[in-house]
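Chains as they are written, first to last, in this note's numbering: chain A, 1 to 522; chain B, 1 to 189.
If you're looking for bench data, these hints aren't it; they were derived computationally from the structure.
The calculated SDA-like cross-link candidates involving lysine to any residue, where the alpha carbons are at most 25 Å apart (straight line), are:
#1 B/Lys183 / B/Leu123
#2 A/Lys64 / A/Ala478
#3 A/Lys235 / B/Glu34
#4 A/Lys41 / A/Asn86
#5 A/Lys315 / A/Ala511
#6 A/Lys479 / A/Ile131
#7 A/Lys235 / B/His41
#8 A/Lys64 / A/Ala181
#9 A/Lys41 / A/Ala312
#10 A/Lys235 / A/Tyr215
#11 B/Lys160 / A/Thr385
#12 A/Lys64 / A/Asp157
#13 A/Lys329 / A/Asp504
#14 B/Lys160 / A/Val289
#15 A/Lys235 / B/Asn37
#16 A/Lys235 / A/Tyr384
#17 B/Lys183 / B/Ala131
#18 A/Lys64 / A/Trp205
#19 B/Lys160 / B/Trp119
#20 B/Lys160 / A/Tyr384
#21 B/Lys183 / B/Gly65
#22 A/Lys129 / A/Ser473
#23 A/Lys64 / A/Thr165
#24 B/Lys160 / A/Ile398
#25 A/Lys64 / A/Leu178
#26 A/Lys479 / A/Asp464
#27 A/Lys235 / B/Val35
#28 B/Lys160 / A/Ser388
#29 A/Lys235 / A/Ala155
#30 A/Lys235 / B/Gly162
#31 A/Lys235 / B/Tyr32
Reference listing, derived: stretches of chain B covered by chain A, where coverage requires no fewer than 3 residues with Cβ under 8 Å from a Cβ of chain A:
#32 10–20
#33 38–51
A virtual CB, placed ideally from N, CA and C, is assigned to each residue, including glycine.
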Amino acid sequence: MTPGRIMMWAANGFAGVLLATALLLVVLEHTWPVPPAYDPKTAFERGSIGTEFVPLPAFVALPKIFPDLFPADWMAAYGFLPGGPNGLPIGFTVEYARPVNGSPSPVPFVGLTCAVCHTNEMQWPDGKKQIVAGLGNTALDVAPFFEAFRIAMLARDAQGNPVLTISRIAEASTMTLLQRAVTWGWLLAARNALEQGEERHDVPWTGDTLRNPIYQTTGPGRTNPFNTMVTNVLKLPNTSAMGSRPNLGYSRIPAVWQENRRQWAQYDGSISDLNARSALAALTVGATVENLGRPNIASNIRAATDYTRTLAPPKFPVAPDAAAAERGKALYATACANCHGTPDGNGGWTRGARQGQLIPLPEIGTDPERATFRHARLLADRLYTMFSVDYPHDYNRIHPLATPRESTRPGPAGNNDGYIAQAIEGAALRGPYLHNAAVPNLSALINLTPRPTVFARGLDQQYDTGVAGIVPSATPDAKAYWLFDTRLPGNSNAGHDYPWRADDPARNPAALADLLAYLETF
Amino acid sequence: MDAGFNRPQILLPTFTAVFVPFALLMVAGIAYAEVTNFPEHFRIAATIWIVWPFAAISLGLRAAGRSGSVALLTWTVGYAAFLLHQILAVTDMFGGSFSAVFARQGVTAALNFALAIWWAVDLYLMWSETAPPPRWVHLQRLGLAIALPIAMFVASVILKDGFVRYLAIASIVLALLIWWLAKPRAAVV
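Could you put the whole structure together from the sequences, leaning on the hints where they help?
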């Protein structure tokens, strides 16, 4: 056989093997599991909503490779609650779905679900703890968690080589050859994406800044959702018109109880479709328009949303003074019910005249950043366009979570220059209060007690029934590590001075104490 | 158009010249699809991209009367890509449901499936030819050589835009170029 023929046979053999391997991969991919579509409760707790971001073997290796970023108690350190799948926290999901596109995967990926943010552990005065579904996690420090992950992904040793490698990951887990290959591919793609993202996110912080409010300005129990939306979804730099000031639309992680009563969701009433609301929440933690369109992921979004439609808060842990509550009811009727409505005593809610309406910023007087951040007028149009594209996953070419333009504001349905007045089921459990979590307890919100200028926030903060919330301390400690300074932009605790301003001569503390007792019955 | 084959002998250089580019393009298409946000969609797209140049080469050669092994092999691998395109479209885009395919595509789906079957029959006849084929074989071959490019032109150039449109136009130019270069010329006196 001539060298030329040998070369040709070799070329055919090589090409044939490559082609067979590629076709085998396509066939195998059709046998890999897809994330299941769950019932509403399970979908809320652990159903994939498209947020998978790291292979399970890589994730379990992180504490071993980066103990400074992911210490042995990393779950508690970042405010996660134990009790989720695979030894991970509540609200984590482990599914065979690839990040970004949601395609089947031979290796399980870790993602987040609705429950990670919307499940809280109440520390009652008697020492008991209670997991409360639907309540925003007051300890969750999600921004530093993801920043720690970014630091780990981009970390390089003295020679400039990545620290997180497939061989280091494989030391912590048993992996098949295919799993190693997929994890290796993920590692390259994810690291590259994070490096590309430095143009918008800047280089990562260092581990010692993760609990410092000077660097991590969001803090526990809050998110800066439109920061993420702007940088990750719209692919824009997070700066203001002045070129240097970021969006400061901090949002307390809200309770998601009785969502059917909310005609317009979000603090600024920008979305009327609850499924779209949930899809946008998923987008802020890594889901994509593409993977949200996969039938089972879209189904989980809808199912988890359905779970919140009728989810009810728990009872207040101690019985309020009935006589005081009865007296407080009258003050509530005159000072609060118009905007928030009133519980009817049978589990229902009597709607207030202004309930569901936007209260203009000059009237409500609370921090304006959440409603006026630079990209607030841009998002509705951009997001509508994103979900309206010809969508190839569905044979009707319509994204399963697409909504009419009238479902988002600003737009044909009006503007959203203010904060929405909503029903307040479980009112005494919803703290810290205001959209930016600037008031630590309900007593301070109604100006029965002073609103602190600074107070420490963090982990394991005991609920105080006397003030219906946490008792503020101006001194941070190992657990309450994050000092909330209400003098900083985005953190103002001003406004919502109902029934009376703190300095109003008509202010009646006894009546306010009665009002507090009544609110504790919600 | 030379519609008859009398199956040519497949030599290793010819096979290599067709198969290696085909295999590498298929692998590249599948690999490219895997790193996109729509792997299933781009796998389907990539397979139809591969059909275009190979079908164009075959049709160009046959139009010039060169029904040799290159024309047969390119026609064959073009069909392999087309068949994979159809299979992936049904399984990945329509969940394996033919009723979903017809609900979405209607008559177009019927035409697509008919073309796939017709092309398979044509290939079978080509590969099994041992003698000059009867007239009906010539006619069906001519019909397919007209119907398929028209259907693909409508699908890729009129109904779609972007890369596939430009690829389709480039492939048509390629076919015309091959026909012009390969056609027999009268001897110059």
